[in-house]
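Engineer: Residue-level listing of the chains:
There are 2 protein chains.
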Amino acid sequence: MSQITIVGDGQMGLVLAMLLAEKGTAVRITGPFPDQVATLAKSRVSQRLPGLTLPARVEVVAEAKDAVDGADLLVNAIPTQFIRRVWEPLAAATSSAAIRASVAKGIEVSTLERPSEILAEFAPDAPLVVLSGPTIAAELARRLPATMVAASDNEDAARVVQELFGTSWMRIYTNTDPLGVELAGAAKNVIAIAAGIIDGLAAGYNAKSALLARGLSEIVRLGTAMGANVETFFGIAGVGDLATTCFSPEGRNRTCGERLGVGQTLKEVLDGMGSVVEGVETARGMLELARRHDIELPIMEAVHAILHEGLDPRDAITGLMGREQKPERIG
Amino acid sequence: MSQITIVGDGQMGLVLAMLLAEKGTAVRITGPFPDQVATLAKSRVSQRLPGLTLPARVEVVAEAKDAVDGADLLVNAIPTQFIRRVWEPLAAATSSAAIRASVAKGIEVSTLERPSEILAEFAPDAPLVVLSGPTIAAELARRLPATMVAASDNEDAARVVQELFGTSWMRIYTNTDPLGVELAGAAKNVIAIAAGIIDGLAAGYNAKSALLARGLSEIVRLGTAMGANVETFFGIAGVGDLATTCFSPEGRNRTCGERLGVGQTLKEVLDGMGSVVEGVETARGMLELARRHDIELPIMEAVHAILHEGLDPRDAITGLMGREQKPERIG
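Chains as they are written, first to last, in my numbering: chain A, 2 to 332; chain B, 2 to 332.
Chain A with its partners taken away, still in its complex shape (with noise of 0.2 Å):
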C-alpha cells in the first residue's frame, strides 16, 4: 500500500492512524467538520481520545476530498447513520479499485444497510473489508494487546488489512463473513445498552452474564436468518466484541444504559455523552430487520421500548425474568 486514509477522527479513527504511522506506514487521516481537523492538524491530540498523541508520520488533511485522493486504501471510522452524507461527496475523488475497510458497527435507520453496504454504492466494484472486534479505544491507545477479524467476500483484501494492522499488539484474524461480522457488530451495540441498565440498577454479574449469553442468542436467531455464519457470533467479532462492551466501563453503550439505569431520561444522557451512541439509532433497525424476518427478539425490545417508549427499566427485567420457564433455545 503507498497511501492509506483514515476517513473519521473520532476514537477509532485517530487509533488506527497511529498504529499505522508507528509501522512506518503512510496514512492521513481526515474528517467530516475540516475546522476541527484543522485544530487535531496543529493540537495532534483530540479530545475524543485523551492519552493519544498523533506520531508526526500521520499527515492530518482538513478536506476531505485531499485526504483521498490517490489513497489506495481507505478506512470508514465515521459512525453509521452519517457515513452516507460522508461518503456521497467523496465518490469522485476516490479510486474505485482502492480497498474499503470499515469500522462502524451499526445499521442505518432509514434503508436498514450495514456499513460496508453504504460504501459499496459509492464504489461498486471496489474490495470491501469489515474490520471489528473487542477494541476498547483507549485501551488500543495504550497498546494493550487486542484482537481484530477482517471480514471479507474478497480473502485477499482481507489478507491485505490483517498484514496493514497487525502488529505485536494487535492480532488480526481473517474471516469469510462480512455480514455476520457487520451484524454482530450493530447488534452488540444494542445489548450493552441493556448491560448498562443492569449496572446502573446494581442487579450483578450474574444477570448481566445471563442477558450476554440470551442477547448473544438473538444475534444468532437474527443473524442466521438473513444468512450469516453462525460460527462468526462465536468469534472474536462476535462474542468477543460482546463481552468488552457489555464489561468495559469505558464504553459509551455500556455508559449510556447504565445512565438510563439510575433514572436519566435518553435526552439527559445523550446530552451528556457528546459522542455518537450507536446502539440507540440502530436499537430501530434492529428490531425492523427482526420484524422483516419474523424473528423475536425480547432483549432488543425491551432496549427499544425503554429508548424509544418511554419503559421503565425496572420493569423490563421484571418483564423478562417473569416470563413462564422454559427449554432452553439458542438458535
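For the record, the hints were derived by calculation from the structure and aren't laboratory data.
Keep in mind that the hints are not guaranteed to be accurate.
Since the list gives no way to pick one copy over another, a pair counts as held whenever it fits inside one copy or between any two copies.
Said to hold, decoys possible - Computed list of lysine to any residue pairs in SDA-like fashion (alpha-carbon distance at most 25 Å, straight line): (1) Lys327 with Val231; (2) Lys43 with Gly11; (3) Lys24 with Pro328; (4) Lys43 with Lys268; (5) Lys66 with Val277; (6) Lys327 with Met2; (7) Lys24 with Leu288; (8) Lys24 with Gly11; (9) Lys327 with Val87; (10) Lys268 with Glu60; (11) Lys66 with Gln4; (12) Lys327 with Asn155; (13) Lys327 with Ala22; (14) Lys327 with Ala127; (15) Lys24 with Asp316.
Start from chain A and add chain B according to the hints.
Structural biologist: Just chain B, lined up with the frame of chain A:
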C-alpha cells in the same frame, strides 16, 4: 418432592438451601465434615459465604448418612475432586430412585469423569440433572436476578428441578445436553484462571474479551468432538457462565489467576485462598481429554503450563499474541 437433601455446605449448597427454604420446601443440608456442619447448625452462618443466614426452616444435619436418608432429591454441592470419597459411603443410605442434581464444575482428574458420571457410579438407575449457570454465590445470597439450566437426558427430571429451583429471582431453563453443560462448567474455570492472569498483568478488557472468545472456541472444539451440542456453549451455562467467571471480581478461579499474574506462586495463591479452586486440577483433566480426542487447546495448555510447569504468565501472553496471524477458526 417431600424431602430434598443438599450434600455440600459450601457457597452453592448454602445458597440453594436458602432458596428452597424461602419457597417453603422441606430441605436438609449436610457436609463432609460433621464438626463444621454442627457449628453451622448452631450459628446458621458460614465464613464461606458471609452475608447469608440460613432460614430456620433449613434442617442442618451433621451426619451425612442421616441427612440423605429418605430424600427423594439429592443435590451434590461437593467440589469435583472430592465427590467420590463423599458419595461412595452414602450409596447404601440413599434411595436409588431419588433424582441426583449436581452443581459441581470440574473433571475428576484420576478418571476424567464429569460430576454426574461419578454420581451415576453409585446410583446407576437414578435420574441425573446438571444444574449450572452464571451463579456468583454472593449475588445469589442477596437474591439478585440469575439464571441456570437444568440439563438432563431425562426431561421429566429436568422439569422437576426447573420447577423446584425457579423463583422470582432465579429463572431456570431446561436443556437436554448434560455432557455439554458439564464440560462448559469445567472448562470455564480453566479459562477464568487465564482471565485473572490478564487482570494481574493489567492487560485490559479487549485482551480479556478476546481470551473469552478464543477460550470459548476451545471449549466448543473439545465439546463437539466429545459429542456435546454446540448450542449449549452459546447458552446460559456456556458463554453466560464463562462471562461471569471471567469478569466478576468475586470468582475464585479468576482471583487465583490474578494473583498468579502479579507474581505469586501457585502454592502462595492456594494457601491464601482457603477454598477449592476447581480450575487448578481441572486444567489437568481438560488437557488429558484434549489429548485423547486429538484437539489443540492453546489457551488451556498455557494455563496448565503456568499452573503446573512454571511458565511465566508474561511469556504465555507473548506466546499467544505472537503466533502467526491466521484465519479465524471456531469449531
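Engineer: What are the numbers of the hints the structure violates, in ascending order?
Structural biologist: 4, 7, 9, 10
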